[in-house]
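S.K.: Listed here are the chains, written in short residue letters.
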Amino acid sequence: MRGYLLKRLAQTIPVLFGISVLVFSMLHLAPGDPADLLLGSESTPESVAQLRQEMGLDRPLPVQYAAWAGRIVQGDFGRSTVLNREVLPEILKRFKNTLVLTSGALVFAIVFGIGIGILAAVYHQTLFDSVAMLIALAGLSMPTFFTGIVAILIFAMGLQILPSAGMYPARGGDFFDLLRHLLLPAITLGAVSAAILARMTRSAMLEVIQQDYVRTARAKGVGEHRIVWVHALRNASITIVTVLGMQIGYLLGGSVITEAVFSWPGLGQMMVRAIQARDYPMVQGGVLLIAVSFVFINLAVDLIYAWLDPRIRYS
Amino acid sequence: MITHPDQHQAASQSTPPPPLLEVKNLTTEFSTYAGTLRAVDGVSLSLSPGEVFGVVGESGSGKSVTALSIMGLIRRPGRIVSGSVQLRDHGDLLTKSHADMRKIRGDLISMIFQEPMTSLNPVFRVGWQIAEALRLHRNMTKPEAAEQAVELLDRVGIGSPRQRAREFPHQLSGGMRQRVMIAMAMACAPSLLLADEPTTALDVTVQAQILDLMIQLKDRDGAAILLITHDMGVIAEMAQKVAVMYAGVVMEEAAVGDLFDNPMHPYTQGLLDSIPHGTSRGKALKAIPGIVPNLLHLPTGCRYRDRCPAAHAPCARAEPPLHQMSGTTHRVRCWLHHPEPPK
Ligand SMILES: Nc1ncnc2c1ncn2[C@@H]1O[C@H](COP(=O)(O)OP(=O)(O)OP(=O)(O)O)[C@@H](O)[C@H]1O
Ligand SMILES: [Mg+2]
Numbered sequence: 016m017r018g019y020l021l022k023r024l025a026q027t028i029p030v031l032f033g034i035s036v037l038v039f040s041m042l043h044l045a046p047g048d049p050a051d052l053l054l055g056s057e058s059t060p061e062s063v064a065q066l067r068q069e070m071g072l073d074r075p076l077p078v079q080y081a082a083w084a085g086r087i088v089q090g091d092f093g094r095s096t097v098l099n100r101e102v103l104p105e106i107l108k109r110f111k112n113t114l115v116l117t118s119g120a121l122v123f124a125i126v127f128g129i130g131i132g133i134l135a136a137v138y139h140q141t142l143f144d145s146v147a148m149l150i151a152l153a154g155l156s157m158p159t160f161f162t163g164i165v166a167i168l169i170f171a172m173g174l175q176i177l178p179s180a181g182m183y184p185a186r187g188g189d190f191f192d193l194l195r196h197l198l199l200p201a202i203t204l205g206a207v208s209a210a211i212l213a214r215m216t217r218s219a220m221l222e223v224i225q226q227d228y229v230r231t232a233r234a235k236g237v238g239e240h241r242i243v244w245v246h247a248l249r250n251a252s253i254t255i256v257t258v259l260g261m262q263i264g265y266l267l268g269g270s271v272i273t274e275a276v277f278s279w280p281g282l283g284q285m286m287v288r289a290i291q292a293r294d295y296p297m298v299q300g301g302v303l304l305i306a307v308s309f310v311f312i313n314l315a316v317d318l319i320y321a322w323l324d325p326r327i328r329y330s
Numbered sequence: 014m015i016t017h018p019d020q021h022q023a024a025s026q027s028t029p030p031p032p033l034l035e036v037k038n039l040t041t042e043f044s045t046y047a048g049t050l051r052a053v054d055g056v057s058l059s060l061s062p063g064e065v066f067g068v069v070g071e072s073g074s075g076k077s078v079t080a081l082s083i084m085g086l087i088r089r090p091g092r093i094v095s096g097s098v099q100l101r102d103h104g105d106l107l108t109k110s111h112a113d114m115r116k117i118r119g120d121l122i123s124m125i126f127q128e129p130m131t132s133l134n135p136v137f138r139v140g141w142q143i144a145e146a147l148r149l150h151r152n153m154t155k156p157e158a159a160e161q162a163v164e165l166l167d168r169v170g171i172g173s174p175r176q177r178a179r180e181f182p183h184q185l186s187g188g189m190r191q192r193v194m195i196a197m198a199m200a201c202a203p204s205l206l207l208a209d210e211p212t213t214a215l216d217v218t219v220q221a222q223i224l225d226l227m228i229q230l231k232d233r234d235g236a237a238i239l240l241i242t243h244d245m246g247v248i249a250e251m252a253q254k255v256a257v258m259y260a261g262v263v264m265e266e267a268a269v270g271d272l273f274d275n276p277m278h279p280y281t282q283g284l285l286d287s288i289p290h291g292t293s294r295g296k297a298l299k300a301i302p303g304i305v306p307n308l309l310h311l312p313t314g315c316r317y318r319d320r321c322p323a324a325h326a327p328c329a330r331a332e333p334p335l336h337q338m339s340g341t342t343h344r345v346r347c348w349l350h351h352p353e354p355p356k
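If you read the protein sequences in the order shown, they are chains A and B. Here the working numbering is used: position 107 in the first sequence is 122, and no number is missing along the way. Here the working numbering is used: position 293 in the second sequence is 306, and no number is missing along the way.
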């Protein structure tokens with residue numbers, strides 16, 4: 016296991032390097048000269064040239080990259096050209112909010128998706144199975160913005176039992192206020208993942224239940240309950256974790272729309288504004304943060320995967 | 014926990030011991046989209062304690078379904094439609110509740126399967142998998158059961174058992190996995206072992222070792238073995254009695270010596286002819302001409318008649334009964350050997 020861990024950690028290094036190069040070159044591939052953009056309508060060729068020199072834009076690209084990467088490693092993500100504030104604290108604050116939303120969605124997807132998937136497999140070809148899979152199919156084909164708007168219409172505007180926007184009431188609030196605000200966006204964001212997880216969990220469980228080793232367990236006298244929750248689930252979880260890993264990525268990316276619908280002060284919303292304003296350091300920082308968290312989520316998923324499947328752990 | 018019937022006491026009596034297992038008229042069906050097929054059609058078998066009872070027959074003849082029916086492991090779309098499975102001192106297994114059958118499986122009756130590669134759970138350590146049977150049936154604590162599992166691994170001839178117990182199935186060879194399966198099946202010293210082609214997937218030298226091991230353990234625990242195989246050589250060496258199955262029914266049943274000396278059913282003769290003489294273990298049956306019939310469309314009369322070299326008029330008229338030859342235990346389902354074939 017330690018060998019695997021080290022190997023897997025080593026593999027992230029070239030990936031992280033690649034990401035940093037891509038993020039760095041964003042600035043240079045994007046149309047328009049950053050210095051030009053920064054100076055806006057007051058730019059003269061001389062002032063642009065001077066700013067380019069100040070920003071180091073006249074130096075060779077590798078040198079610029081090295082300088083930039085060096086600053087990033089030290090936590091210096093530059094200053095937002097629009098807000099004129101340090102980028103890092105700004106994106107971290109927003110990223111934390113996005114994580115709250117994604118985690119809420121993830122919990123919803125895991126509890127309902129995996130739970131319903133297992134039950135549907137146990138009660139295969141019963142009414143429960145059919146209804147659950149029908150709902151999952153519906154959830155799968157519903158776009159997030161639509162689910163979100165319907166949820167707001169019903170629960171916030173119609174029944175008026177849940178808030179429709181923000182993380183806290185205007186006057187501030189406690190943890191329970193946060194939960195109340197989180198409920199609708201988390202379910203909206205997690206609905207598709209829950210549906211996918213339910214279907215994948217069900218099919219993984221159904222496949223595992225057919226396996227010879229499940230028959231062996233029955234021949235040993237193991238009861239159905241234990242067959243499902245120990246013998247089968249442990250094997251099916253290898254598939255489930257793979258799907259879950261992809262869903263976490265999807266949730267992080269998909270949060271942009273949910274944040275917009277529910278005015279959630281997350282990274283996605285901020286990124287949209289930063290892109291519109293061509294706030295390059297902000298965009299770079301945000302993309303870098305999201306990309307790096309993707310890499311580490313994948314790493315975590317692979318490690319869990321190896322922990323679950325001894326055939327990987329001991330090979 | 015269920016008490017084990019005491020075989021030694023029974024064996025020492027002068028009258029023949031009551032059978033350990035008595036299967037009567039077992040019929041198991043599967044519903045498929047094309048219709049309902051009878052995989053096992055009125056099979057009767059009787060096993061004494063300490064006996065090895067062989068079951069042979071081509072693929073699809075219903076050997077595995079018979080064993081799974083005895084175990085109570087037939088699942089949808091399968092269904093046991095009639096018959097009885099009497100286990101000595103425990104009554105008819107077919108009328109037992111799920112909970113009662115769970116206590117019997119793995120304790121009084123165990124089963125070993127053909128595929129050692131897929132019959133062990135890939136994500137649990139082999140020691141754990143053996144210990145599970147002990148924890149279920151012997152109420153052992155985890156450490157006790159783990160210790161006992163190491164002992165069992167040692168008993169089935171696995172070197173450095175303590176280390177092996179901590180390994181996963183994929184780290185073991187096919188032969189070792191089958192030893193693990195045997196250790197698991199023998200963990201609670203069952204009185205009946207159902208071995209469904211336990212050596213088919215193994216190479217010849219390993220086959221011999223596994224069979225020897227089974228005999229050794231049987232003698233130690235006094236278990237009876239229902240040994241399912243394709244291999245007549247294995248039957249000749251291991252079994253005392255043998256039933257020859259075809260398309261869900263027993264075609265012929267006899268003591269092993271009788272069957273080899275005097276095979277009566279043309280199907281049995283076909284099976285024996287298809288192995289070279291003087292052969293031993295490891296030779297699979299060569300095919301008899303023709304194919305195993307589709308159970309959904311069995312021929313009328315004798316189900317073997319469209320492949321039978323000796324087929325004659327009565328064979329089309331009615332299915333022959335399993336007729337006991339007078340003065341012997343030899344039984345055969347063939348009009349050639351029946352006193353009153355249909356005119
Ligand atoms: N789950 C099932 N669904 C439908 N038909 C089945 C099922 N299991 C077994 N059968 C049918 O029952 C018949 C007997 O099968 P069985 O597995 O007992 O044969 P076998 O004698 O063990 O053959 P083999 O030597 O190949 O193991 C076959 O025709 C098979 O198609
Ligand atoms: Mg079989």
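Misleading hints may appear alongside valid ones.
Unchecked claim - Derived list of chain B stretches under chain A, where covered just means 3 residues or more per stretch with a C-beta under 8 Å from a C-beta of chain A:
#1 130-137
#2 144-155
#3 181-192
#4 244-255
Unchecked claim - Label-pair restraints from in silico Cβ distances:
#5 B:G104 <-> A:A153: 47 to 53 Å
#6 A:A275 <-> B:L309: 56 to 62 Å
#7 A:I164 <-> B:Y46: 43 to 49 Å
To be verified - Residues on chain A that point at chain B, a partial pick, calculated with CB under 7 Å:
#8 A64
#9 Q65
#10 D227
#11 Y228
#12 T231
#13 R233
#14 K235
#15 G236
#16 G238
#17 T254
#18 A321
#19 R326
Because the hints were derived from the structure by calculation, they are not lab data. We put the beta carbon where it would ideally sit given N, CA and C, even for glycine.
S.K.: So, for every hint listed, does it hold in this structure?
M.R.: Right, here's what the structure says about each hint:
{"no.": "1", "hint": "130-137", "result": "holds (count 7)"}
{"no.": "2", "hint": "144-155", "result": "holds (count 4)"}
{"no.": "3", "hint": "181-192", "result": "holds (count 3)"}
{"no.": "4", "hint": "244-255", "result": "violated (count 0)"}
{"no.": "5", "hint": "B:G104 <-> A:A153: 47 to 53 Å", "result": "holds, 51 Å"}
{"no.": "6", "hint": "A:A275 <-> B:L309: 56 to 62 Å", "result": "holds, 60 Å"}
{"no.": "7", "hint": "A:I164 <-> B:Y46: 43 to 49 Å", "result": "holds, 44 Å"}
{"no.": "8", "hint": "A64", "result": "violated, 65 Å"}
{"no.": "9", "hint": "Q65", "result": "violated, 65 Å"}
{"no.": "10", "hint": "D227", "result": "holds, 4 Å"}
{"no.": "11", "hint": "Y228", "result": "holds, 4 Å"}
{"no.": "12", "hint": "T231", "result": "holds, 5 Å"}
{"no.": "13", "hint": "R233", "result": "holds, 6 Å"}
{"no.": "14", "hint": "K235", "result": "holds, 4 Å"}
{"no.": "15", "hint": "G236", "result": "holds, 3 Å"}
{"no.": "16", "hint": "G238", "result": "holds, 6 Å"}
{"no.": "17", "hint": "T254", "result": "violated, 12 Å"}
{"no.": "18", "hint": "A321", "result": "violated, 12 Å"}
{"no.": "19", "hint": "R326", "result": "holds, 5 Å"}
The structure does not agree with the numbered hints 4, 8, 9, 17, 18 stated previously, though it agrees with the rest.
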